[in-house]
Structures are given as structure tokens and as C-alpha cells.
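Heads up: the protein sequence lines correspond to chains A and B, in order. Each residue of the first sequence is one higher than the one before, starting from 0 at the first, in numbering that gives the first Met the number 0. Each residue of the second sequence is one higher than the one before, starting from 0 at the first, in numbering that gives the first Met the number 0.
Just so you know, these hints were derived from the structure itself, not from any lab. Some hints could be false.
[Said to hold, decoys possible] Which residues of chain A face chain B? A few of them, derived with a C-beta cut under 10 angstroms, are: (1) 76; (2) 169; (3) 326; (4) 496; (5) 499; (6) 504.
Keep in mind it's a predicted model, so treat the numbers as computed, not measured. Even for Gly, the Cβ is constructed at its ideal location relative to N, Cα and C.
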Amino acid sequence: MTEILVQTPPVLQGPSEKERKYDRQLRLWAASGQAALESSNILLLNSGSGTVGVETLKNLVLPGIGSFTIADDAIVHDEDLGVNFFLDESSKGKSRAQCCTDFLVELNPEVNGSWWPKSSDDQRLEQLFEATQTPFTMILYSLPIQPERLSILQEYSRQHQTPLVAVHSAGFYSYFSVNLHGAFPIVDTHPDDTATADLRLLSPWPALLDFTKEMTRDIDNLDNHLHGHLPLVVILLYYLDLWKQGHDGAYPANYSEKVAFRNAVSDAMRRDIPEGGEENFEEAVAAVMKHVVPPQLPSSLKQVFDYQPSGSDDTKSSFWIIAEAVKQFYNRHGVLPVSGGLPDMKAQSEVYIKLQNLYKDKARQDAQEVLAIVRGIAGGKDIDTAEVELFCTNARFIKLVNPAEGRTVDLAQAVEQQLANDEIAALAGPEMPLTLIPIYLALTATSHQGVATAEQILASIQDRVPAAAGNERVQKAAEEVARATGGELHNTSAVMGGMVAQEMIKIITKQYIPIENTCIFDGIESRCQVLRL
Amino acid sequence: MEEPPSSAAQTAPGTENGPSDPSKQQQSEQQENHENPPKPNPNATPGARSQIPRRDRFNHQSLGPSLNSTVKQARVLMVGAGGIGCELLKNLVLSGFGEIHIVDLDTIDLSNLNRQFLFRQEHIKKSKALVAKDAAQKFNPNVQIVAHHANIKDAHFTVSWFRDFKLVFNALDNLEARRHVNKMCLAADIPLIESGTTGFNGQVQVIKKGVTACYDCTPKETPKSFPVCTIRSTPSQPIHCIVWGKSYLLNEMFGTSEDQSVLDHSQDQENGKSMLISWEGKLTGTNQFIAHEIEELKKESDALKKIRNAVGAPDFPKLLFEKVFDADIERLRSVEDMWKSKRAPEPLKYEKLLAKTNELEGSKDSILADGQKVWSLEENLVVFKDSLERLSKRIIELKKTKDDAAPDPVIVFDKDDDDTLDFVASSANIRSTIFGIERKSRFDIKQMAGNIIPAIATTNAIVAGLCVLQSYKVLKGDYSQAKEVFLTPFGSARLMAPDRAREPSADCPVCGVFNATVTVDPAQTTLNDIVEGLLRTHLGFGEKEFVLNNEVGVLYDPDETENLPKKLVDLGIKDGSFLTVVDEDDEQPWVNVVLNIEEGALPENEKFKSSTSAQPAIPQKPKKVPQVEVNGHSAGESNGIVKIDSQPKGVKRQHTEDGGQPLKKAKTGGASSDDVIIVEDAGGAIIIGDD
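Construct all of the structure, not just a fragment, from the sequences and the given hints.
Structure (C-alpha cells):
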């Protein structure tokens, strides 16, 4: 064997270099998330003092987005060196977009970076969009921004349904907001492990019932070992059947019935044994409240079923086709496809494995049925089987972000509500944090012009939200924003760069649930608030 | 926070007063802070700005001149230059911290590059501290960066070395080093900003002796451990087989054998969790059968040592396989008592299984390339044989090249060493099959065996930024505004949850002590100088009975006096040593006194020099508050390691709020009347804000 060893040339073994480099993040968003990142193309429209956007981009380049473009017509000054890490002495007098791009691509050779504008007579944003070959996956812009530029950007983003993120950082204050342009479904929401089990105790399928019957045929005469190793699923199904016989075929429905049922299971535990009780029965008793529940349609999924995608593009996307198929499945059976997972429980190993296979087989069967429906829907021919399976497994946790597309929030109303909450908070004491909306109001007053006096800021707030201008905390926020004179504090922008990039990764990978839709950060108190604005 | 009078705001620096009048300027700066800023005066600013470097303009504006200049002068230490450390260094450099020291023992690995942005492919295997320094330096030449490629636990990083910093940042990945820095900062009374991340989660905590809770005020999760019998005889989960492959089989074949590695598990720590194999817990039943089983397992290990000698021989894989997957399993199976309530394991026949793998031999590389797939039993055998060959070749090579004097070479598990990972993964999976346990993919096994913690750039960026924001509170001495911040990435209403910094736990064994630094000449100073001169006379122990310990054991107690005439050097006490004094008083014992020993020049005829004043106020140990009787007579009960609830918190809060009296003094009246007051206070405050 050593002979062979010598002859075998060393080969490339184990995980690829890329897998090893990205190992620590693959454990969060897996290969599918990584693939989405690697095929993304991000635009940063940078303005203002220009750090927060670059900090965000750094956190996207490191995990490996496909490519990015920085659009920024600023020239590097001394001030930039003090706040932006991706510039050095040699950058002075050069294009900020170019210098930042050069430093950022050094972070990850797998990422392509480009910059714009290349010359001073090429500064119309339309020209950038016209020249772009691959459409942008997502766009980030930093404030303050020229209003004309912003409207061009918004128009492009609306036309192409490109998610748009705005971020503004000044001194210790910052906010960012996400515009997804309509409903944004997420299948892979990464629910908590403990929430995912779906045992189907009140809607068992025949194979599961047969299995239970087989195991409990002579339950009272089972020896202590076998009795003490009946899996909780079998125990509960057996006693549910008994319950039904005594209750005109009805399952325990309300709380008091469930308590009675739980007592019945508890009474069935053998206590005249050396251990004084049986672990598996204790598990079964503990599982009653959580698992003896009729199959329900979670409200988040109902929202998906009820949603009427506008426009023809939406109806064709694979998500909506699968959603339609699952809806038909649900209407046909009154239950969702079985997810297939089985939590750990006390049982003999081979019994547990059989039970596990029962759930897996049923999940596969249900997914097959959904797939057949999918194939029958227009546009469903080419949908990936794996996508259908993932949908079925996660069905109960699918989330539709931003379902109320087009419905705008009235800012004045939102502010009034926030300030009213503050009055309650003032009474409740320090445990209830005060709203951060004053920061948002003060920053948005400088959306197009970073340098403003507190009076100018308050005047702008007065115009938009008359009720807020007299508020003491709003006044303080206005003074603080005025004091920053449009300058960024690196640490505030570093924190925001992390938070914005995190939300962008969620949206690009379509994993985990992104915030809806505005996050305000107060660097003095190190806290933030998420609001729908 | 009070609004400053508007006149103060208008006399803000940089306006009419200018820097020419230092006393006035200082006054106005003290009143100013960034929460309550002076109003900008757009007309006056251009003149003011011209006096500060343009690149510092934004910091100057946002922090205000006072805090900004404190930052510029601050000398800070950053321990750890990894995920948080890279981000932190960037932030510190751009905030303009005057002098930054970096300590990190680690070298750069490929798997760091997805987030540790100061490092590149070409830096792999180089020192993190040195590369980070070089990378960051060029972005702000005004900042002095000093890198130490060293372990922070090294003896030359003494308490006095720590004391020369204004502030310490922990950016570490393991419990042991965190605890060490915590202890050193408490001894040096230097504020510490502690931080950590796991996946999307993270936190930041401000630690200041006597003011906020220290790292050890809350007990930390104990390392995960498994009883040996579960690992060796009755595995029931994949992790049991993985630990078996990693900590037992690999070590027996290529590492230090089990006996030694059990003793040496402190080395096995990563991220604060190690998998200890211990007999604890299972032996409490004093079951005869278990005792017998231990005997059998020892025999098995001895037999394995013989197989180890066959490393490199053609039949080595066969010998090993037949031993651990066949003969040992047969023996285990024959102990019928064990399998009454469990499925008995099924031994595997090497030749039979090997015959089935013939067709797979050619596809070895494609098997190895797919670490996400769960390998079949046959595929695992292919990997087992292959990794065994790779490891054998390596160990033979190591033996050939080693010095005669050097100890025998070993190969230890490293999650990023594919040879060891493949070996552990395949042997764990083969064992799982034998015991009817689910097999796992190499990807999953890597995470379980290597205690891999997911880590991403975004979380580190957020946490590092928060660290510096907290450092501003510390630099201003504004601990009442310091926060303990937790990221709550899955909370929809807010992505982080700041909490008021917690009060120190009065019974904390680490920060609930009295610290003193003693300068000695170890070749001259005797233990008697310490006991009589320092403790009894200078610190005021007088006639109290006490015990003096060092890290090793008792140096002195009333019955153990033979060390007294010895020189400190002969007792192994040197620069950087810690001594602990435990008061044995039954009635009103003082808290432990921790002496930090420093070598240094002494005035003539002096044997030691203490950092404290003569007869300082050493606090008493907190008394146990009886659960029911709030105003209880508990004086006699509290003689040492009593667990108290939140009683002293009420006391401390009261004293810190009324004008910053040192807590120690507040608690050290010593008179019995004080005790009564403390207990009464407790009655009122005990419930509030405790968890």
C-alpha cells in the first residue's frame, strides 16, 4: 500500500480554495446564498462625505458579490482621508470613485469593480445606465444627493424593479431605508429550529396510523423496555385515537380538553417500575400543548395565497407558480405538504429511523404532488424540483415582505404616533425607549444639502410635519445634525456599513427576513429603531 | 444630562475666546459634550477650522475639541487582530487615537479572508498583528501603531505594562484570554471594552473596576464535555463518534495518547468550548460494571499503542480497522448488560467491506471533493484508508527529519488540516454506522469537531463600531452613559438592544477583591516582609488570621510559617506574580486582597513599596442576605464563599450616584451599625434591576 502511495501524485483534495475562504459564512447562508451573492451586480451612487457607502461596499466585497460600480464625481480632499479608510495620501486630487474602487477590489480578487464617471463631460447618470451591460441587482445611494440625480435613480430602479437602499450618516446620527418595489417573498427564512417540527398529530396519514397501530397493538402487555421506548409521536397518536372514541370522533380542541388529554397521557405512564416513571411519556406529556394542534394555515402564508401579483412578470416568477400549486394542494387536502423533519425523541434507534423515514417519505410524496401541479401551470415546466421541495419544506415559514406595495405611509401620521408613544414612555420610565424619529426628521431635512442651520432644519420639519417642529427632542436632533455640517463620523458610518450590508445580503440571497423598511441609528446612545415609513 | 447654559455653548472653543486662554477653554470644554453641542456658528467656523488639520475636520466637529484631543492623546491597547480586531483597528486609526498597541499570537489563515479585510492571500501564515499594523499604518501616518506578535498571557505583559494604557479593547475569540485580560485590567484599574460575535449575534460591554460588572461577574457557559463511557462505549449521537475520532483515535495513532491529552485539555480550547472527556458524573453510581469497563478500555488503549508502531506498514489500515471496528465492537457487544435497552453495535468485517469498495477506488478524488454529501459506508472506508496513508506518510517524514533529542513528532487535529479532518470524518462515520447512528457530511463534521463559529464581516463591523462609540463614554469618564449592547438581529423592531451597564456583582471572585501593587526586590525581600511589613502593618491586617496563596498553593497561614524567612525569589515569586490574601476572620472578614508583584528599585532600607496608602479601607465581604428574613442576623454566616443576591447593588448604586465616592470606602466602615444599614438598603433594592 505504501507503494501505491508513492506512485499517487498529490491531487487537489477536499474543499476548494473558495469554499475554504468562505467557510465561515457558508455556515450561515449555504451554497445557494453564496451563489446569489456571486452573481450580484451592485451600484453605489456615492455623494456627501462619502464614507458610509464605501464601508457598506467593503462588507459586500469581502463575502464575494459578483461585481460593483461606484458612481461618484467627487475629487479626494484632505477631509476624505480623515474619514474614509479606502483612500490614502496618494489619492488626493484624484477621482474618489476610482481610488475607492482600486482599494476595494484588493480586498477580494474574485470581485470585479468599476467606477464612474471616467471624464468630466460624462456626468449624466443616464449615461451610466445606458452603458451598463448587466442590470444592477441592487442599488445603494448615500445622502445628501442632488434631487435631479435621485429622481433619475428612482426612475431606473422602478423600471427595473431594482431594490433601492438609501443611507444617510452625519455625526453620531444615521438612518437607512429599503425600497423593495413591491412584494418580496422569502422562502428560506431560517426559522428557529425549535419552531420547525410539524408532527401532524391531528391529521395523520394512513402509513403513520398503521405504524402506530402496529407498535401499540398490545400496548398494555409490552414489556417495560418497549413501553418505555415508544416514541412520543406513537404515544400521542394512540391516546388521541382513544380520546376520539370517547368524544364522538372529535379531537381535544380547547384548552381544558387539552389539559384533560394531557392528564390522560400522564396517567398512562408506568410508575411501578424502578425508575418511577417513563421519559418517553414525560416527553409526550410535554409535547401536548405544542403539537396537538389542528393543521393551520399560518397568516404569513395566507398572505402569499391571497396576494394578487400585479403585472404579468410577477405571475410568471417561479415563486408565484409554486405558491399557486401549494395553494391548490392545500385546497385539495386541507393541509400543507409535510415538512419532513422529526425532532429528537426517546425511542429505540431503529424505531426512530423508521419513523423518520415515514415523515421523509410523506414529505417527498407531497412535494411530488405539488411538483405535478406546478408542471401543469403555465410557465411551470422548467421550474427546478429543488425549488419546489424547498418551498414545501419551509411552507409554514414563508414570509412576504412589503405586501402592501404602493401604499405609502403618511409621515405626519407616523410621527404623531411616535411622539404620542413617547408620552407613554415618559411615564413608563427608562425601560421604554423613546422614539428615534426626531433623528430621521432632522436628517431628511438635509437630504439634498448637508450643511444647514438648526433653524433651517426646523423650518423644513415644520413644512413636512407641523406637529413635530415644536418638540424638544426634535429641536435637539436638529441642532446635532446642524453641528455635524454634513460631516460623517467614521465609527457611525462603520456601524451603519455593517447594518446596511447585512440587509442587502438578506435581500440578495433571499434568506432571512429583511427589515421593513427604515432603520434609524443613534450613535450617542448606541441604539436603533426600525420603522415602516 | 443637563442642557448646558446657552452662554457656555456660545463660548465654545474656536470662537471668540480662542485657545489662548487655557483655563477658560478648559472650563467651557468640560461643560461641553457631543450630546449637548454648542450651536455652530457658520460665520465663525472657517477661522476655527484653519487651526485644525483638515483631515481631522469631521472628528473635530462631531466629537468636539475636548474629546477629540483626548482621543488624539490616548494610548490604547487592542488585544486580538482577527475579525473584530481588523475592523476596530480601522476605526481607531480613523478616529485618530494617538498610539495603538496590537497583541495577537495568531497567524493568518485562508478562512479569515472573508472578513479580516486587512489581510490578503499573500499574507497567509504571517503574523496577524504585524500585517494588520502595516496595512493600517499607511492610512493614517499620524497614528503610532505598535504590533506585538505574542500571547497576551506572556509574563512580560505585566500589570504595570497594562497600566500605561488609557483603555484596552478586547477583540478575542476565546474565553481564557478574555478572562486574563479582564483580570489584568482590573488589577491595573484600566477600563476595558470587551466584545464578541457569533454569526449575526454580537455584544459589547464596558468593564471598569468597581463601577461596572466585569467579564467574570456572570458565570460563563462551561465547556461542553462528554462522559468517557459515552464516547468509548455507548455513543448515541453523531457528535459522540466525532469526539471519539478526534480526541481518542487520532490521538492514539498520531498524537499524544489519551492519558496525557486528558491532563492537557486546557490546550484544546477554542472559542471557549472544549470537548473534555472525563469520567465525572458517570462514576458517582460506583457501579461495578463501570469499573470493570474502565479496565477493559485501558486494555484496548494499550493494544492500540502496539498498532501505532505499525504506522506505514502495508497492513496498517487493516490492523487498525479490525481492531477498532471489529474486535473492540465484538467485545463491547458481548457485554450484554449494556444492550438491554439499546441496539447492540454491529462489528464490520474489513475484507468484506473492502471488496465492495473496489469499484470506488477510481473515484476517490471525486468523493473527497464532495464534502457536502453524506458519504456511504464504502465511501467512508475509501477516505479512511486514504487519509490514514496521508497521515502515515507525514508522520514518517516528521520522524525522519526530527532531531534525535527532540520528542517524537505528533499530528494533532486541526479543522483546517484536511488529512486530520478526513480521518476524523471517515472514522466517525464508520463508527456511527456500527452503532446505528446517522452519518454526517465532512462539512458538518468540520463544524462539530472544530467548534467552528460562523463569522461574517457585517457583524464584526457593527460590533467594532460600537466598541469605539462606547470608548468615547469611557474617555470622558461618563460611565453612567456607558452601555452593554447586544445585537438582536432577528428582532424586527430594533436590531440592537442597549442596556445600562450592569453593576459589579459583589461576590464576583475576580473583581470583588481589593487590588494592590507591591514593588519588591525578590532577591532581598522575604515572605516575612510581605506578611508582617506589608500585610499586617501597612495594609492593616494586624492580628487577623489570614492565608496567603500564590497560583500554586499556600505560601503562608498561621500553621504554615516555615516560608517566612525565605526570599521571594526562592519561592518562585517574581515580576508579574499574583498573590492572594484570604481573610479567615469569622466575624467580619475582608474581601480577598490580590497583590500584584512588581520588581523595581526600592528606597534604601525598604523591603517593599505598596501602591496603596497605609491602612487603606479594605471592604468587608458581602454578607449573605437570608431569603426570608430581610433584616436577618447573618453576620456569623458570611465567612468566605457565600453566594449573595443583589444586596450590595443597592448600596453601590446609592454611593455612585451621590457624588462619586469610591465604593470601597462606602462599604468599609467596619462598624456593625453599617452592616445593619446595608441590610436595610438591601431590603428595598434587592428586587430592582436584577436578573
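Here is how each hint holds up against the structure:
{"no.": "1", "hint": "76", "verdict": "holds (7 angstroms)"}
{"no.": "2", "hint": "169", "verdict": "holds (9 angstroms)"}
{"no.": "3", "hint": "326", "verdict": "violated (26 angstroms)"}
{"no.": "4", "hint": "496", "verdict": "holds (6 angstroms)"}
{"no.": "5", "hint": "499", "verdict": "holds (9 angstroms)"}
{"no.": "6", "hint": "504", "verdict": "holds (7 angstroms)"}
In this structure, the one hint that does not hold is number 3.
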